[in-house]
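Given these sequences and hints, build the entire structure.
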Amino acid sequence: MISAEERHLLSSVDRGELVRLTQDLVRIDSVIRPETGETERNVVAYLADWIRRELSIEPLIEQVVEGRENIIVTIDSGRPGPCLMIEGHTDVVSEGSRDRWRRDPFGGEVIDGRLYGRGSCDMKAGLAVALMTARSLARANTGWCGRMRLGFVCDEEGMMIGIKHYIRAGHADDVTACLVPEPEENNLCISMKGAIRAIVRVQGRMAHGAMPLSGVNPNTRLARIILAFEKYEAEEKARCGRDPFLGLPSVTFTVLRSPTAGSPAQLNVMPGEAEAYVDIRTTLAQSHEQVREDLRGILRLLASVDPDFHADIEFIEDRPVVGITKDEPIAGISAEVFQEITGRAPVWNGVPGATDGTFLSSIKGIPCLVNGPGPRHMPHQVDEYVEVDQLFEAANIYVLTAKRFLSLKS
1 MISAEERHLL SSVDRGELVR LTQDLVRIDS VIRPETGETE RNVVAYLADW
51 IRRELSIEPL IEQVVEGREN IIVTIDSGRP GPCLMIEGHT DVVSEGSRDR
101 WRRDPFGGEV IDGRLYGRGS CDMKAGLAVA LMTARSLARA NTGWCGRMRL
151 GFVCDEEGMM IGIKHYIRAG HADDVTACLV PEPEENNLCI SMKGAIRAIV
201 RVQGRMAHGA MPLSGVNPNT RLARIILAFE KYEAEEKARC GRDPFLGLPS
251 VTFTVLRSPT AGSPAQLNVM PGEAEAYVDI RTTLAQSHEQ VREDLRGILR
301 LLASVDPDFH ADIEFIEDRP VVGITKDEPI AGISAEVFQE ITGRAPVWNG
351 VPGATDGTFL SSIKGIPCLV NGPGPRHMPH QVDEYVEVDQ LFEAANIYVL
401 TAKRFLSLKS
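So the sequence shown is numbered by our numbering: it starts at 1 and just counts up by one.
Just so you know, the hints here were simulated from the structure itself, not pulled from any lab data. C-beta: ideal position from N, C-alpha, C; glycine also. None of the hints are false.
Pairs of lysine-lysine residues, derived as BS3-like cross-links and limited to a Cα-Cα distance of at most 30 Å, are as follows:
{"#": "1", "residue 1": "164", "residue 2": "326"}
{"#": "2", "residue 1": "326", "residue 2": "364"}
{"#": "3", "residue 1": "364", "residue 2": "164"}
{"#": "4", "residue 1": "326", "residue 2": "237"}
Computed beta-carbon distance windows for the label pairs:
{"#": "5", "residue 1": "142", "residue 2": "14", "range": "19 to 25 Å"}
{"#": "6", "residue 1": "293", "residue 2": "264", "range": "32 to 38 Å"}
{"#": "7", "residue 1": "303", "residue 2": "279", "range": "21 to 27 Å"}
{"#": "8", "residue 1": "242", "residue 2": "5", "range": "42 to 48 Å"}
In structure tokens, the structure reads:
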């Protein structure tokens, strides 16, 4: 039952202001563009100004690498208690070809109850929810204890160097639990898929396109690898079955290059090398060590029947499967709040990919719940959007969840 005090706290969440804040963030292009040097820095500057103005706190800004920064702010109640973190990322993926968009990817337009733009759901909306939650609690000087921490990091869409730096710097050492407002339709996601990222490299021998037998074609060998990995994926799906929250495992080739980067391509030249990037997503039924060995074994098998087959696989990132139970306090409180705010039963789910929360959980053992606004399968697509009703709903859920988690009774 929502108390009178809690209703007063929720009244501080202004729908129009929340929408305008999200629009402002969407309109700041934070695609990482190496060719122009553009990074997340302009979003960080906006967030810092907002925090100074609205929270009267000087945020901590830490450079991770040149031009890429994390921003951290802690609101201390002055009373002992837990530390609740709300985590978000400031980078967004490329908008791709703008002529495929029906809406301006950086316009932040609201049409028929949807706010459009690159990063609108992934995850400028989540940043806005976090800011409004922090301000609501900061202005309520009674009724809660402990600390609230905002951690807005760079490079979630890349190698997640932002959250790794954040952890190394000690900012997660005192965190009791974490909320991650990634786009999950406000579902309560208690597990996240694991991820293994790899580069497959195939060596051939360059030759004239008219005389291919005088060389060794790396492309046909790479094609065999792709088909063999596809067969392995099907076998793993059959063996593991569908996880109730995480679904099926996958092995996805995302980038193919032949010749490799830096080598000029010519139609009448058979290249001497090829490479491919592979995005492997795992579930609780899999061992990452076994998956890596299985993929190496496939390459060994292909080499055993072809003396000209020379390929290797480099694993460049490993993100374990992580999860919590519904009994975890942050999960139980969030479920209770969801029911009271929406009048609906909460939907328990899992994140189809990894998040920054993966490292907070796997490295620091922090219980992480992922439950933000936005369509689950919309991130990285053209005409990305977040529904305004869901955005407002998320802000209310977060404010009340934070209040109860940080209450004096906890």
